[in-house]
Structures are given as C-alpha cells and as structure tokens.
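**Q** For reference, the chains in residue letters:
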Amino acid sequence: MSNEMTEDQQKRIEATLRRIRDGLSKASFGQFSEPSHIFDPEVHNGKAK
Amino acid sequence: MEKRNESLTDMVAALAEGRTTPVELAERSLERARQMVDLNAFVTIDEKIVMAQAEAAGRRRSRMQESSPIDGIPIAIKDNYLTRDYPTTACSDAAPLEPSGVDATVVANLRAAGAVIFGKTNMHEWAYGATNTTSNIGPTKNPHNKAHITGGSSGGSAAAVASGIVPAALGSDTGGSVRIPSSACGIYGFKPSYGRASRHGVLPLSWSLDAPGPMATDLEDIIHLLPYFLGTDPKDSSTSHAEEFGPLPKPGSLRLINLSGPGLERCSEVNFVINEALGRSKARVSQASLNNVDQSFAAWEAILHCEASAYHQNRLFKGSDGFSPVTRAHLEAGNRLTAVELLEAQKIRGQLMTQLLDDLPPWDALVLPTLPIPAPALGEEWQKFSNRKATTQDSMTWFCWLGNLAGLPCLTIPVGKSSQDMPIGMMLMGRPGEDEKLLALAKEIDQNLNRGG
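Going down the list, the protein sequences come from chains A and B.
Residue numbers for the first sequence, in this note's numbering: -18 to 30.
Residue numbers for the second sequence, in this note's numbering: 22 to 474.
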C-alpha cells in the first residue's frame, strides 16, 4: 500500500480545502451563535411566521 | 422512453386483481435486466434468489395470505444497503465483499412485506460523489441516452427504474444522491426528513447528512413505499422521535417559494422548464434568494468530508489501496480539516436553518430545479451555465445539498425534457418532519403537471 499522494490527489485536496476555508472564513457569527451539534430540525417548526 | 413504464402502483393493482403473478413479474424484470445489461445498472443479480422469493410470494398469494399489497413486487437495492443474501460492496474495492447475513432495517421491512429483493445496484464509490462515474464496476449509463451519465450516487437504482427493469428501487441521499439520478433519469425520488427514516445497515457516508429514500416510476409508488422507511428504529438513535408514515393531510394552501439568485444559478433551458411548470402548477409562487450560499456550501462540504473521514479512519489507517484515487483524496481532505473548522461549519448550518425555516416569508414548499443542467455527457469534466463554470460533480449537487444540511424532506418530480430530450426535474423541499404534508402538496402539483389535472 502506498500512502504517498499523487500530484493530482494533492491538487484535489488543496482545492477542496481552499474552497471550504474560503467559505468558512466569510461567515460572521453573533456572540450567542452555536454549532448545531444538537441536530433537531423540528425545533424550527414552532417558529414559522 | 416516452411511454410510461409500469409502476409499482400498477403492479399492486394487477396482483390484487389476479392479472399477474409474482413469478411473472420477476421473470419480466429478469428478462428486462438481461436486455438492458449495457446500462451497467446492477452489481449483483442472482436469478435463483429472485425466483425463490417470487415463488414464495406466489404461494402466499395463492393461499390469500399475502404479507402486504407489495408482496411479490421486485425492488432493487443500492449496493450500500446491507442485504442478507447478496454481498454489499459500495462499488469500492475497499469494502467487504462477502454477504453480511444482515438486512438493513429498510430492506428487512420490505422483505417482511414480501417485496422481492431483486438485486444490488451500481453506485458512486461509497456514495462519495454525484456522477456515478467512479465505481469499481464502471459508470452507469442513462437510459434516455447511453452517452450521458445518470448522476449519482444512486445511479444504478435510477437507471433500473427508468429503464423499466423494476418499478422502484432504494437509494441513499447525503447531498442529493436519491434526487440527482432520479431527476437525470426522469423518475421520482424522495429524501425523508433527517431522523424519520432508519439509516441502520446503510453504509454511512456522513452520519448527520445521510438519509435513505425510495426512487420510483410514479409519485404513488413513493407513497406506497414510505411506510417501510419512516418510524422509530431502536438500531438508529436519530429516529428516536420519528413518527411512522401517516395519512397525507388534505392539501391546503400551495404557497411555493421559487428560490434563485447568487449561488443558485441554472442554465436557461432548465430555468424555462421550471418556470413553465410552476405556471401550470396552480400554486401561489413567490420569489426569494438566499444569503451566503457559498458559505453554506462550504459548511456542507466540511461536514461531509470530516464525517466521511472519521467513518473511514480504520480503513485509511490499515491501508488505502482499495479506494479510488479521487475518493482517497476526499478522505484525506477531511483528515486535514480541524475541529474548529468543523464547529464553524456547524454554526453555519444553524444559520442556514434559521434562514430557510424562520426568516423567509411563510411557505409550504421551497422550489428549485433538482439539477442546474440536464444530465451531462459521459466524460465531460466541466459544465458552464448562467455565469458559472463548475465541475460536473459540483453541478450535480448544485442545489440538493441544501436539503441535507437543513434536514428537510425533499422530492424530485419530472417536469419536462431538454432540447436534447433529456429529463428535467423539479425539487420541492418541505419543513422538517412534515414529509406527509410535502407529499400531499406534491401530489396536487404532480396532478396538475403530469396528469392533466
């Protein structure tokens, strides 16, 4: 088994990470914003306008 | 392809009225599979296993002891669902090759209902891609034009249904893998709300994004099959509060929001077909755009890669030769993201859910094209549409990931054809947990669009 990455694989990894990090870095959060680690989408149902 | 294939609902009626038998249906499906072998839709079909199930169903029916209305109907299974009598490969050389002796919960439910577990379908390796071109048995071909891809990752299931081999099949959906190939092949596909359908026994891609779902010839087929998907399963903690599939409510208002704007571009042909379909839908349609689509997409991608890498850690540690080079690169990217980045992605996920579920004007369903373009030709690496240039992979997930990141129930329905005669699908997304309401609304719209209602 080879753990070495080919040049193509390295490029793919770098492009993926660049895109993700570009996107994440643009986000701004309020001081109380929290990760949705308790993933319960139905809690939003009661909040419909 | 213009004549509609026989649906599961048609078969339910034909069996109930004695116009056909499970053995006839199985023989017809096997014959069709032999005729359509060049689609490369199946990894495994064992004629003896299929016929033994059909004969058993026939005996039950002849004694008037059928297990359910679908007793004796052949259903194909994506090759990431464990099945007790077929190997499960995820179309990867890195997966186990022996039969597991275990059925995924959805497969077990269908088997208990008498469905004939017909065979295992081709898929994008480990469901880790949306083109169905990366598979250890080769790409699946689109029944509408064999020079075009099916999309994926449940591409074999879509091809098997669209070509009339089986009336319905199982898929799994992490960023659109049920809806993408369903749309590209002109059939119906449904992703349940996160937490309503058991994922037990479906090889994971990304735990918090994955959902199993049915793919079928007709919307009624989806409704027939959802009782076998939805409800609490002690083997899947995400379903601890899941309600069983209930009766569809009477369709009330049809308030649709047609989403568009930056990040949600599509080609003009798809845009025209969707707008024309909305015009015929008799729904009240308003327009809205979303903020920060690129940030939300980055969050989906971060969560996807981190969860997939975590799931595959042991395989990567032991040796990664079995993965295709592209899949290995995805997994390595997930390894290099930090815990802080993952938590930031989860914060963005919360923001997206607030935006969709709380901040938009009141809606009964959100509308997008399922795909921004019709199914591309095999071998095309890049796509251009509107002012965007994107890889074929990203073009396939262009809209669908939104439903996974927010945990919404989502449905694709066929609404038209491109100038090259390739299918175009429209996606409807409902509020989380309200799968029945989405289907009731979709039934009304489908009636207006596809049945001259």
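Keep in mind that the hints were calculated from the coordinates and are not lab data.
A portion of the hints provided could be inaccurate.
[What the hints assert, rightly or not] No farther apart than 20 Å at their CA atoms in a straight line, the calculated lysine to any residue pairs in the SDA-like style are these: (1) B:368 <-> A:3; (2) A:-8 <-> B:330; (3) B:167 <-> B:58; (4) B:410 <-> A:3; (5) B:339 <-> A:2; (6) B:458 <-> B:356; (7) B:410 <-> A:-3; (8) B:339 <-> A:-5; (9) A:7 <-> B:290; (10) A:-8 <-> B:284; (11) A:-8 <-> B:356; (12) A:7 <-> B:314; (13) B:405 <-> B:441; (14) A:-8 <-> B:403; (15) A:7 <-> B:58; (16) B:368 <-> A:13; (17) A:-8 <-> B:167; (18) A:-8 <-> B:411; (19) A:7 <-> B:312; (20) B:339 <-> A:7; (21) A:7 <-> B:284; (22) A:-8 <-> B:290; (23) B:368 <-> A:9; (24) A:7 <-> B:167; (25) B:405 <-> B:330; (26) B:368 <-> A:-13; (27) B:368 <-> A:16; (28) B:405 <-> A:-4; (29) B:368 <-> A:2; (30) A:7 <-> B:347; (31) A:7 <-> B:285.
**Q** Confirm or reject each hint.
**A** Now for the hints, and whether the structure bears them out:
1. Our distance criterion of 20 Å between C-alpha atoms is met by residue 368 of chain B and residue 3 of chain A, whose separation comes to about 15 Å.
2. At roughly 18 Å between alpha-carbon atoms, residue -8 of chain A and residue 330 of chain B fall within 20 Å of each other, so this suggested pair holds.
3. A hinted pair counts as satisfied when its Cα atoms are at most 20 Å apart, and residue 167 of chain B with residue 58 of chain B qualifies at roughly 12 Å.
4. Annotation: proposed proximity of residue 410 of chain B to residue 3 of chain A holds, straight-line Cα distance about 18 Å (limit 20 Å).
5. Of the pairs offered as hints, the one joining residue 339 of chain B and residue 2 of chain A is violated, with about 29 Å between alpha carbons and a cut-off of 20 Å exceeded.
6. Distance check on the hinted pair: residue 458 of chain B and residue 356 of chain B sit about 39 Å apart at the alpha-carbon level, beyond 20 Å; violated.
7. At most 20 Å may separate the alpha-carbon atoms for a hinted pair to count; residue 410 of chain B and residue -3 of chain A meet this at roughly 16 Å.
8. Pair hint residue 339 of chain B plus residue -5 of chain A does not hold up; C-alpha atoms about 24 Å apart against a cutoff of 20 Å.
9. Restraint check: the Cα-Cα separation between residue 7 of chain A and residue 290 of chain B comes to about 32 Å, which exceeds 20 Å; the hinted pair is violated.
10. Between residue -8 of chain A and residue 284 of chain B the CA atoms are separated by roughly 24 Å; this puts the pair beyond 20 Å, and the hint is violated.
11. Only pairs whose Cα atoms come within 20 Å are accepted, and residue -8 of chain A paired with residue 356 of chain B is accepted, the gap being roughly 15 Å.
12. With a C-alpha separation of about 11 Å, the suggested pairing of residue 7 of chain A with residue 314 of chain B holds against the 20 Å cut-off.
13. Distance hint between residue 405 of chain B and residue 441 of chain B is fulfilled; the C-alpha atoms sit about 16 Å from each other, no more than 20 Å.
14. For the suggested pair residue -8 of chain A and residue 403 of chain B, the alpha carbons sit about 16 Å apart, so the restraint of at most 20 Å is met.
15. Between residue 7 of chain A and residue 58 of chain B the alpha-carbon distance is near 48 Å, which puts this suggested pair outside the 20 Å criterion.
16. Taken as a hint, the residue 368 of chain B and residue 13 of chain A pair is honoured in the structure, with Cα atoms around 10 Å apart against an allowance of 20 Å.
17. Distance restraint check for residue -8 of chain A and residue 167 of chain B: the Cα-Cα separation of roughly 31 Å exceeds the 20 Å cut-off, and the hinted pair is therefore not satisfied.
18. Taking the CA atoms of residue -8 of chain A and residue 411 of chain B, the gap is near 16 Å; set against the 20 Å cutoff, the hint holds.
19. Taking the CA atoms of residue 7 of chain A and residue 312 of chain B, the gap is near 12 Å; set against the 20 Å cutoff, the hint holds.
20. With a CA separation close to 37 Å, the supplied pair residue 339 of chain B and residue 7 of chain A exceeds the 20 Å bound.
21. Restraint check for residue 7 of chain A and residue 284 of chain B: satisfied, since their Cα atoms lie roughly 15 Å apart, inside the 20 Å limit.
22. Simply put, residue -8 of chain A and residue 290 of chain B have alpha-carbon atoms about 33 Å apart, too far for the 20 Å limit, and the pair is violated.
23. Taken as a hint, the residue 368 of chain B and residue 9 of chain A pair is honoured in the structure, with Cα atoms around 10 Å apart against an allowance of 20 Å.
24. Pair hint residue 7 of chain A plus residue 167 of chain B does not hold up; C-alpha atoms about 41 Å apart against a cutoff of 20 Å.
25. Annotation: proposed proximity of residue 405 of chain B to residue 330 of chain B is violated, straight-line Cα distance about 30 Å (limit 20 Å).
26. Only pairs whose Cα atoms come within 20 Å are accepted, and residue 368 of chain B paired with residue -13 of chain A is rejected, the gap being roughly 34 Å.
27. Note on residue 368 of chain B and residue 16 of chain A: the hinted pairing holds, with a Cα-Cα distance of about 4 Å set against a maximum of 20 Å.
28. A hinted pair counts as satisfied when its Cα atoms are at most 20 Å apart, and residue 405 of chain B with residue -4 of chain A qualifies at roughly 19 Å.
29. Between residue 368 of chain B and residue 2 of chain A the alpha-carbon distance is near 14 Å, which keeps this suggested pair within the 20 Å criterion.
30. About 27 Å separates the Cα atoms of residue 7 of chain A and residue 347 of chain B, which puts this hinted pair outside 20 Å; it is violated.
31. Only pairs whose Cα atoms come within 20 Å are accepted, and residue 7 of chain A paired with residue 285 of chain B is accepted, the gap being roughly 18 Å.
When each numbered hint is compared with the structure, violations occur for hints 5, 6, 8, 9, 10, 15, 17, 20, 22, 24, 25, 26, 30.
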